[in-house]
Amino acid sequence: MIKKKVIVINSSGIHARPASMLVKTAAKFTSEFHIHSHGYRINAKSILGVLTLAAECGAELELEFSGEDEEQACEAISHLFEQGFGMMDTDEGGSS
Amino acid sequence: MYTIDSVPGYNTVWRGMAAAEGLSAGPAFVYNPQSVVLSDRKIGSEQVKEEQKKVASAMRIVELETRKIAQLAGQENELGGKAAKDILDFHREILRDPQLIAEINERIRTDLIPGDRAIFLVFRGYIQKLEVSGSTFFKDRIPDIVDIRSRIISSLQQKEMIVQVQENAIIISREINPSEIILFARRKVKGIVAERGGLTSHATIIAKSMGIPFVLEVEGITKGIKPGEWVVVDGYNGVVITQPARAFLKQIQVRSDAIDREKADEQKLYAEPGMTACGNKIPIRVNLELEAEIDRVMRYQPEGVGLLRTEAYFLDQSQDDTAPENGSFAGSDQKRFLERAAQLAGHDYLTVRLYDVGGDKLPSYADREENPALGWRGIRILLEKRSLLRAQLQLILEAVNSYPCKLRILIPLVTRTEDVLEVRAELDRLLKDFPAQKPELGIMVEVPSTAIMADAFAGIVDFMSIGTNDLTQYTLAADRGNPRVAEYFDSAHPAIWRLINQVVRVCRGHNIRVSVCGELAANPQAACILTGLGVSSLSMAGPYIPQVKKKLRAHTLALMEKQALSILNVETTKDAKKIMMQF
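Same order as they appear, the protein sequences are chains A and W. Residue numbers for the first sequence, in our numbering: 1 to 96. Residue numbers for the second sequence, in our numbering: 1001 to 1583.
Misleading hints may appear alongside valid ones.
[What the hints assert, rightly or not] Covered stretches of chain A, as calculated for chain W (at least 3 residues, CB under 8 Å):
| no. | segment |
| --- | --- |
| 1 | 13–24 |
| 2 | 33–41 |
[To be verified] Listed next, with one range per pair, are the computed distances between beta-carbon atoms:
| no. | chain 1 | residue 1 | chain 2 | residue 2 | range |
| --- | --- | --- | --- | --- | --- |
| 3 | W | 1562 | A | 30 | 25 to 31 Å |
| 4 | A | 82 | W | 1013 | 54 to 60 Å |
| 5 | A | 38 | W | 1106 | 24 to 30 Å |
| 6 | A | 82 | W | 1582 | 40 to 46 Å |
| 7 | A | 79 | W | 1373 | 18 to 24 Å |
| 8 | W | 1021 | A | 37 | 24 to 30 Å |
| 9 | W | 1562 | A | 79 | 57 to 63 Å |
| 10 | A | 39 | W | 1394 | 52 to 58 Å |
| 11 | W | 1110 | A | 72 | 51 to 57 Å |
| 12 | W | 1021 | A | 30 | 31 to 37 Å |
| 13 | W | 1336 | A | 82 | 47 to 53 Å |
| 14 | A | 30 | W | 1121 | 25 to 31 Å |
| 15 | A | 30 | W | 1347 | 49 to 55 Å |
| 16 | W | 1112 | A | 79 | 41 to 47 Å |
[Said to hold, decoys possible] To list a few chain W residues with every Cβ distance to chain A over 10 Å, as calculated:
| no. | residue |
| --- | --- |
| 17 | 1013 |
| 18 | 1099 |
| 19 | 1289 |
FYI, nobody ran anything at the bench for these hints, they're computed from the structure. Cβ atoms here follow ideal geometry from the backbone N, Cα and C, with glycine treated the same way.
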């Protein structure tokens, strides 16, 4: 099991779009993924769970991964937090 | 464009916000949405599985509908389009939330309650948590979640919320949700007026894409009008006129007829067949995924149906082969979808692809696959679950039996000639009961090995269809859903053009038809190259049809052939794109 602390740096917090990105990324890994915040522990593969954290900018969260690919999962998810879920720059995105 | 005379007691003007263009008059239908009625019965423990299956199926259909709306939103160039797409992607994630589904299933099992009540209760738990979260942003998401909940429940109850609405009515409502607009559009209403927006941006996008005049933020209108009374909606200026005088109504009628004629002229191009500037015909057909799409794509007048996906109506009979027959939940839905698609196809082709699902859709198959894209899916599942294959073939043959369209059956994820021969044998056996039918059997070319071995397949199939999305993903070893390798996933890569060319050459040599049904066909420049390579037809989502038709009609086949030849010699995607840009 790996635990890691992260801080939400994008200004609007983990709202709809970051939450979608978070669970989409998490779904690529087989490891279990939970987030601890204010004594709650939620399943971070569940978008409704992530949303009920109501994590705003500046919030400190603890990520917990356990499973075969926990290291890769931790790296990918931490990367999202570090980049502010891509909300720091304006991305035009490709055609879907 | 018209003048409103002031006549005492008549022509009352209401001002609101213009949301979707159009001008029309009709009798008012004051829409007063009822709260969701939940069943309060208990279920027996033997019904648990059935209820859980219904929930899964309802969520899948709503998810697919949401995906379609998100696609439409993504095409909107206005600023709102992108934002709306983000929110809709968020809706889709909720509809796929594994924890949510698990909790609903658990609730059904332990409380022995029907699916609709279980959905209601589990969602309520989340809504309550968001309500106490304190942050306005998170509270603002509550209407989205409530809307999703009622959409799943009404899909589950298969309840037409809006059955009483008569055609040509103007809907007057306090607020309106995207799902309600879709339902109203099916009833062919002529306009919508709302006091508040509800989920404004999505509702607007949908009303626009359906061509329904829509005026928002008309304070007090529901109180100011009696049901059945005539009303005029002007979606250009955001104006609503109640108690219209007779002369005024007449004026509106004339103006709205003139607008219809202008539109019809524009749409004349839709009615023309797909062809090049020099008159070489290349049929342009439509891809379908949901029954609800059919009404919307009709206006593009596709020449036929080039790809009908059946996954949304996936009917798992694998648990025990005796249980649900064609009359069951998903079966009758699929049949109705096929019948309506057959009507749309007219005398042209209706191309039905057999279930292209992965093992995760089968409850009996719980293990996660390491690499599902290369795993147990498509024809591999159908050949192992023969009853599933037979039931679907039977259902397709029955559904189209009384229609004049030409049926094509398409096999997904074919990698071996045996795959085709096995399906052919099953089909031939069933065809004894349908002596009048002579369906063509063809394959999806979406795996490089199949493209390379196209000559081996050409002798045993009636047609081929190139699925460029999967062909790209498999050829370039780039997962199309993975943003980290997004730059590696590009259907304009020279290898894809060369593979397509190889398949087209083989098909032409064997005198069988070959179509392209992936996203590449919907790109107007790529469509020109494909035509130049000698593809027999193209198939795409409805909204792309006009732009592709227009582009093809602007260039000659000779130029397309020349550019197609040069694209086969490039070595980089960049160079390939340069050639495409010449159209």
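Tell me whether the statement that chain W covers the segment 13–24 of chain A is true, taking a Cβ distance below 8 Å and needing three residues at minimum.
holds (count 8)
Under 8 Å between beta-carbons, do enough residues of the segment 33–41 of chain A, three at least, approach chain W for the coverage claim to hold?
Violated - the segment 33–41 of chain A has 0 residues with a Cβ nearer than 8 Å to chain W, which falls short of three.
Do the Cβ positions of residue 1112(W) and residue 79(A) conform to the proposed distance bound of 41 to 47 Å?
Holds - the Cβ-Cβ distance for residue 1112(W) and residue 79(A), about 45 Å, lies within 41 to 47 Å.
That 52 to 58 Å hint for residue 39(A) and residue 1394(W) (C-beta), does it hold up?
holds (56 Å)
Using the Cβ atoms, figure out if residue 1021(W) sits within 24 to 30 Å of residue 37(A).
Given about 46 Å between the Cβ atoms, the range is violated.
Given the hint of 25 to 31 Å, is the C-beta distance from residue 1562(W) to residue 30(A) inside that range or not?
violated (50 Å)
Would residue 1289(W) pass as off the interface with chain A, using Cβ distances and a cut of 10 Å?
holds (15 Å)
Within 54 to 60 Å: is that where the Cβ-Cβ distance between residue 82(A) and residue 1013(W) falls?
The hint (54 to 60 Å, Cβ to Cβ) holds, given that residue 82(A) and residue 1013(W) are roughly 56 Å apart.
Assessment of proposed distance window 25 to 31 Å (beta carbons of residue 30(A), residue 1121(W))
holds (30 Å)
Say whether it holds or is violated: residue 1099(W) keeps its Cβ farther than 10 Å from all Cβ of chain A.
violated (3 Å)
Indicate whether the distance between the beta carbons of residue 1336(W) and residue 82(A) respects the range 47 to 53 Å.
holds (50 Å)
Just tell me: holds or violated, for the beta carbon distance of residue 82(A) and residue 1582(W) against 40 to 46 Å?
holds (42 Å)
Consistency with the previously given hints fails for numbers 2, 3, 8, 9, 11, 12 and 18, ordered from lowest to highest.
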